[in-house]
Amino acid sequence: MVERLKGVYLLAIVIAVLAFLYTEFTLNFTFHWVTDGDLGIGLELPANFHLIAPAGFVSWGFYFAAGGDLDAAKKVALSSVAGSVAALIVMALGPEFADNPDFWGVSLVVGLTALAAVLAIAVTDWYFVPAAFGAYASVIFWWFATGLDKWAIDGGGVGNSIEALGDPATAGAGAFGGVLSTPYGWVWFNILITLFIGILMGYLSSTITAAITPAPAEEAAA
Numbered sequence: 001m002v003e004r005l006k007g008v009y010l011l012a013i014v015i016a017v018l019a020f021l022y023t024e025f026t027l028n029f030t031f032h033w034v035t036d037g038d039l040g041i042g043l044e045l046p047a048n049f050h051l052i053a054p055a056g057f058v059s060w061g062f063y064f065a066a067g068g069d070l071d072a073a074k075k076v077a078l079s080s081v082a083g084s085v086a087a088l089i090v091m092a093l094g095p096e097f098a099d100n101p102d103f104w105g106v107s108l109v110v111g112l113t114a115l116a117a118v119l120a121i122a123v124t125d126w127y128f129v130p131a132a133f134g135a136y137a138s139v140i141f142w143w144f145a146t147g148l149d150k151w152a153i154d155g156g157g158v159g160n161s162i163e164a165l166g167d168p169a170t171a172g173a174g175a176f177g178g179v180l181s182t183p184y185g186w187v188w189f190n191i192l193i194t195l196f197i198g199i200l201m202g203y204l205s206s207t208i209t210a211a212i213t214p215a216p217a218e219e220a221a222a
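Per our numbering: the sequence shown ends with 222, consecutive numbering throughout.
Don't read these hints as lab results, they were simulated from the structure. Take these hints with a grain of salt, some might be off.
Unchecked claim - Computed beta-carbon distance windows for the label pairs:
hint: 1; residue 1: ASP154; residue 2: LEU112; range: 24 to 30 Å
hint: 2; residue 1: GLU163; residue 2: LEU21; range: 31 to 37 Å
hint: 3; residue 1: GLY177; residue 2: ALA210; range: 29 to 35 Å
hint: 4; residue 1: PHE20; residue 2: SER107; range: 25 to 31 Å
hint: 5; residue 1: ALA120; residue 2: ASP38; range: 40 to 46 Å
hint: 6; residue 1: ILE212; residue 2: GLY177; range: 44 to 50 Å
hint: 7; residue 1: PHE144; residue 2: PHE20; range: 24 to 30 Å
hint: 8; residue 1: ALA19; residue 2: THR213; range: 32 to 38 Å
hint: 9; residue 1: ALA120; residue 2: GLU163; range: 15 to 21 Å
hint: 10; residue 1: ASP69; residue 2: SER161; range: 42 to 48 Å
hint: 11; residue 1: LEU21; residue 2: GLY166; range: 21 to 27 Å
hint: 12; residue 1: ALA169; residue 2: LEU27; range: 43 to 49 Å
Note that CB positions come from ideal geometry on N, CA and C, so glycine has one too.
Start from the sequences and build out the full structure, keeping to the hints where you can.
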């Protein structure tokens, strides 16, 4: 156990520091810095463009699962784009077949895009299915949290403002009484940008760790 700890403690410390900085940045960005009005509870109304802290950890983890190097970063980035676009198709087309209160249209397009996401393995070695599914799930999850826009009529809200939030007709169906209501196009874009930030955090984790790791004794002597 001690030997294992010797091999990972520097990486763990670097990740811990970066995780603190990442979380502090993304949460402040969303609830304090880039906003559309004061909620009166010490927080502000997130703008349509915001960052989703948990999503970055998804791509950060897949960066290491894919190998933890520059090639892994490229592979996860490509796969994140593919997976998130598949989810965008679900949000755009699913409600065209069946909207609120029926889910079969969404389910149908989920099945079709999942099929395509797996078959895409044959296209290129740069495609990493786990990262694609992680991006896909992140977008769909945030779509649900932000009001299922399009499936629910105006679920993403109408006009992102304190005034709109105060009217049930325009507040949307997002979490916290509409505070998180977001049009589905922004849901896709916000998750994708946050996934890219997570990949950057993964690359910084391994790069910084490599830079501060002492050379083995025999190499130092040479």
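Taking the CB of GLY177 and the CB of ALA210, does the distance hold inside 29 to 35 Å?
violated, 46 Å
Taking the beta carbons of PHE20 and SER107, is their distance inside 25 to 31 Å?
violated, 39 Å
The hint says 24 to 30 Å between ASP154 and LEU112; measuring C-beta to C-beta, is that right?
Holds: the Cβ-Cβ distance is about 26 Å, inside 24 to 30 Å.
Note whether the CB distance of ALA169 and LEU27 lies within 43 to 49 Å or breaks it.
Violated, at about 30 Å.
Quick one: are ASP69 and SER161 within 42 to 48 Å, going by C-beta?
holds, 45 Å
Between GLU163 and LEU21, is the Cβ distance one that fits in 31 to 37 Å?
With a Cβ separation near 35 Å, GLU163 and LEU21 satisfy 31 to 37 Å, so the hint holds.
Regarding PHE144 and PHE20, is the given constraint of 24 to 30 Å on their beta-carbon distance met?
This hint holds: roughly 28 Å between Cβ atoms.
Tell me if the beta carbons of ILE212 and GLY177 are separated by a distance inside 44 to 50 Å.
46 Å Cβ-Cβ, so the 44 to 50 Å window holds.
Falls inside 40 to 46 Å, the C-beta gap from ALA120 to ASP38?
Once the Cβ atoms are compared, 45 Å apart, the range 40 to 46 Å for ASP38 and ALA120 holds.
Can you tell me whether the CB distance of ALA19 to THR213 sits inside 32 to 38 Å?
At roughly 19 Å between Cβ atoms, THR213 and ALA19 fall outside 32 to 38 Å, so the hint is violated.
Tell me if the beta carbons of ALA120 and GLU163 are separated by a distance inside 15 to 21 Å.
violated, 44 Å
Using the C-beta atoms of LEU21 and GLY166, is the stated range 21 to 27 Å upheld?
This hint is violated: roughly 35 Å between Cβ atoms.
Hint check: violations occur at hints 3, 4, 8, 9, 11, 12; the rest are consistent with the structure.
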